[in-house]
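Got chain A; can you put chain B on it based on the hints?
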Amino acid sequence: MAQASSNTPNILLRLWRNEGSRGVIIQIITMVVLFALLAAIARNVAVNLAEVGKEFSFSFLTWPAAYDIGFSPFIEYTNQSTHLRAAVVGLLNTLLVAVCGCALASVLGFMLGIMRLSSNWLVSRISYVFVEFMRNVPVLIHILAFYALVVTLLPPAKKAIDVGAGAFFLSNRGFYTPSPVFEPGAGMVGITIIIAIVIAVIFRRWAKRVQDQTGKAYPVFWIFAAIVIALPGIAFLAAGMPLSWDIPALKGFNFKGGMAIKPEFLALCLALSYYTACFISEIVRAGILAISRGQSEAAHALGLQNNRTLQLIIIPQALRVIVPPLCSQYLNLTKNSSLAIAIGYMDITATIGGISLMQTGKEMETMIIVMGVYLVISLAISSFMNWFNHRIKLTER
Amino acid sequence: MKQTTTAVLAAAVLTLGVTGAAQAGTLEDVQSRGVLRCVVSTGIAGFAQPDANGVWGGFDVDFCRATAAAVLGDAGKIEAVTSTGKTRFTKLNAGEGDVLWRNTTVTFSRDVGVKLRFHGINYYDGQGFMVKKSLGISSAKELDGASVCIQTGTTTELNLADYFSSNGMKYEPVTIETNDEARQNYEGDRCDVYTTDASGLASTRSALPDPGAHMVLPEIISKEPLGPATRHGDDQWSDIITWVLNATITAEELGVTSANVDAQKSSNNPEVRRLLGVDGSQGSELGLSNDWAYQIIKQIGNYGEIFERNIGVDTPLGIARGLNALWTDGGLIYSPPFR
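One line per chain: the protein sequences are A and B, in this order.
Residues in the first sequence are numbered consecutively from 0, following numbering that gives the first Met the number 0.
Residues in the second sequence are numbered consecutively from 0, following numbering that gives the first Met the number 0.
Excised from the complex, chain A in its bound form (with noise of 0.2 Å):
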């Protein structure tokens, strides 16, 4: 026994001195402290609640919202429906702006990009003119400044400009298009579409088989297009044209009938793309100047042209320094979309964030759910990004 207790701490101060054994126990001793602060904050959000007499509770989800929503483009929504649904309409016009955003982004980032790297003096000054002004502005004050500009300049409804054929109309209350309406058969052309997709991906596979066995090549993206537009097409002529539009009109206050662009929209989703795409021009910028001129030399002594030379030797390799940095601007544009409610646009900020956190006095709740749908589609993206970024990587032989 006594030999044993005059052990113990020998045995401690052992495993303190061994380097391996420390840093378990550093482990162990920062896990404990980490869980206790995790659930120090956690008793006192529940001691807290309960003392201002709240509970916590998502029940209020199923609460009908009696509000109204203004853009609700994918799903009915009245203002009997329930702060969940109000949340589920918010969260689609946070990925729409959030989708419609990263490809204008992307768009627009890579055509700066390469104005940049032009030889064309006016061509790269206006290019690095836009992308330095744009991008040490806020993001919030473009967003503002947009929506001033498209409410202040362009004219009410009643006077709204007739940009073509009197079925689009330009107004500060949206920019308003011709709508398709389906008729009985169009469910027959769409099936078509998909089929002509997997034909033409069907026949781009063999195609790259036989330029890998053969080296002779097919011109793909003609053969590509023609199937995917030719197959409908005929399917289309053959179903009897089941296919007619909407045409807004003019009735009363607005608009009726048709689609609208909706100025909230239009501000918030232009304003965080050309915002982020001059971040993303750099990034181009950057990975382009990457690859060695060596490069770009040795293909042209190989005899390809310039824009094969950029499509096939460039921008492959240009890719890999892209990609992840890109990642982060893609996170970025998304969260910055929270700013719509700025402009009243109804994301899930706006929404369940917002209103329904207003009426039902639901903070701690709503705004869970708000973080949690935001690092859900973090997430989401990044680990696209990842698996696009892990396809593209060189491979090394």
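Hints in this document: simulated from the structure, not taken from any laboratory.
Ideal Cβ placement from N, Cα and C applies to all residues, glycine included.
Some hints here could point you the wrong way.
Partial selection, computed: residues in chain B whose CB lies under 10 Å from chain A [to be verified]: (1) T89; (2) F107; (3) K264.
Below, simulated EDC-like cross-link-like pairs (lysine to aspartate or glutamate); rule was C-alpha separation at most 20 Å, straight line [claimed, not checked]: (4) K261/A / E186/B; (5) K255/A / D179/B; (6) K169/B / E75/A; (7) K261/A / D188/B; (8) K53/A / D233/B; (9) K255/A / E141/B; (10) K250/A / D290/B; (11) K158/A / D188/B; (12) K250/A / D143/B; (13) K157/A / D188/B; (14) K261/A / E180/B; (15) K53/A / D110/B; (16) K255/A / D161/A; (17) K76/B / E218/B; (18) K157/A / E186/B; (19) K297/B / D73/B; (20) K131/B / D143/B; (21) K255/A / D245/A; (22) K255/A / D143/B; (23) K250/A / D188/B; (24) K250/A / D161/A; (25) K132/B / D188/B; (26) K114/B / E50/A; (27) K132/B / E186/B; (28) K53/A / D234/B; (29) K169/B / D188/B; (30) K76/B / D28/B; (31) K157/A / D73/B; (32) K158/A / E186/B; (33) K114/B / E54/A; (34) K131/B / D73/B; (35) K131/B / D188/B; (36) K157/A / D143/B; (37) K132/B / D238/B; (38) K114/B / D234/B; (39) K76/B / E95/B; (40) K114/B / D238/B.
Relative to chain A, chain B alone:
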């Protein structure tokens, strides 16, 4: 965004355990701080707005000053905590303000669900619609298909939804954060109609470049009793706010004004003597000095004076007393007796 920040802040307060906010002792806090913090709006002409020197004034701010006069003896010792419709309760509950004097409608869900204490009504309001005269309409029933500017986080957006669906009409809500932004959108013709409480419409209209070109439609679609609010859990503080409001009303009922309050101290009317702290110990029962109501009336005035000075017929807002006349004059303003 500011409002998101506040919501997150509230969540953080709940998380990190700054529990002092929701507990008793607001009076001691205010007195030891020497400043009363009132949650007010971000700027509604006549109700709460800073002047050219940044000094806050208006109907709601005067009630805030009256509270400061009662609690601190000096109507100047206030700090205006601005809030949008959406952030006001969060700010109050998170302890950023001591009391809310901000065009706030008393409703069941706010009283019970948001856990507020309301202390009577200082303005009886109702929701209305403002349109440009050039639209040529004369009734809210003609608004089918219109774009309507609303402030988010208010009872107005719920009333609006109810009104349009019960009348079988459709509309496009244009949801805006503050009164000023809503006015810009209305001016820019982004929306045909601006809807808020009738008092807010009068205020907004007075701030438009050409007020004559706009009209408020006759329909009042809701009851909007506006009143002060405090947090749950501090009964003494709740009593103080209740009786500050009642003191201004009682003073008007008894004819005590800021001009004659010194003379009224020697009045023979026992209620006047109790109100002004000449007799009785009502001040100390509230935890205040005995001349608390005297200070309110001396420095700020009675209910009628506050009304006429800020929003009455002689101001740009030009609001008649209407429902907000004393009960003896056919209105609804009524105070329990000081007894």
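**OP:** Verify the proposed pairing of K131/B with D73/B, using a straight-line Cα cut of 20 Å.
**Re:** 43 Å, violated
Original post:
Taking 10 Å as the limit, does the beta-carbon of K264/B come near enough to a beta-carbon in chain A?
Top reply: Where the cut-off is 10 Å and the nearest Cβ of chain A is about 42 Å from K264/B, the hint is violated.
**OP:** Measure nothing beyond the straight line between the CA atoms of K53/A and D234/B; if it is 20 Å or shorter, mark the hint as holding.
**Re:** 18 Å, holds
Subject >> Restraint status (C-alpha distance of K131/B to D143/B at most 20 Å) >> reply: It holds: about 16 Å lies between the C-alpha atoms, which stays within 20 Å.
Original post:
Regarding the pair K250/A and D188/B, is the alpha-carbon distance no greater than 20 Å?
Top reply: Holds - the C-alpha atoms of D188/B and K250/A are around 16 Å apart, at most 20 Å.
Original post:
Holds or violated: are the alpha carbons of K255/A and E141/B at most 20 Å from each other?
Top reply: 16 Å, holds
Original post:
Are K114/B and D234/B close enough, with their CA atoms no more than 20 Å apart?
Top reply: With Cα atoms ~14 Å apart, K114/B and D234/B stay inside 20 Å; holds.
**OP:** Would you check the hint for K158/A and E186/B, treating anything up to 20 Å between C-alpha atoms as holding?
**Re:** Satisfied, since the Cα-Cα distance of roughly 15 Å is no more than 20 Å.
**OP:** Take a quick look at whether K169/B and E75/A sit within 20 Å of each other, Cα to Cα.
**Re:** Holds: K169/B and E75/A sit about 14 Å apart, inside 20 Å.
Subject >> Hinted pair K297/B and D73/B, Cα distance within 20 Å >> reply: Holds - the C-alpha atoms of D73/B and K297/B are around 10 Å apart, at most 20 Å.
Original post:
Has the given pair, K132/B with E186/B, been kept, meaning a C-alpha gap of at most 20 Å?
Top reply: Holds - the C-alpha atoms of E186/B and K132/B are around 13 Å apart, at most 20 Å.
Original post:
Does K157/A pair with D143/B here, judged by a C-alpha cut-off of 20 Å?
Top reply: Satisfied, since the Cα-Cα distance of roughly 15 Å is no more than 20 Å.
Comparing the model with each earlier hint shows violations of hints 2, 3, 5, 10, 17, 31, 34, 37; every other hint is respected.
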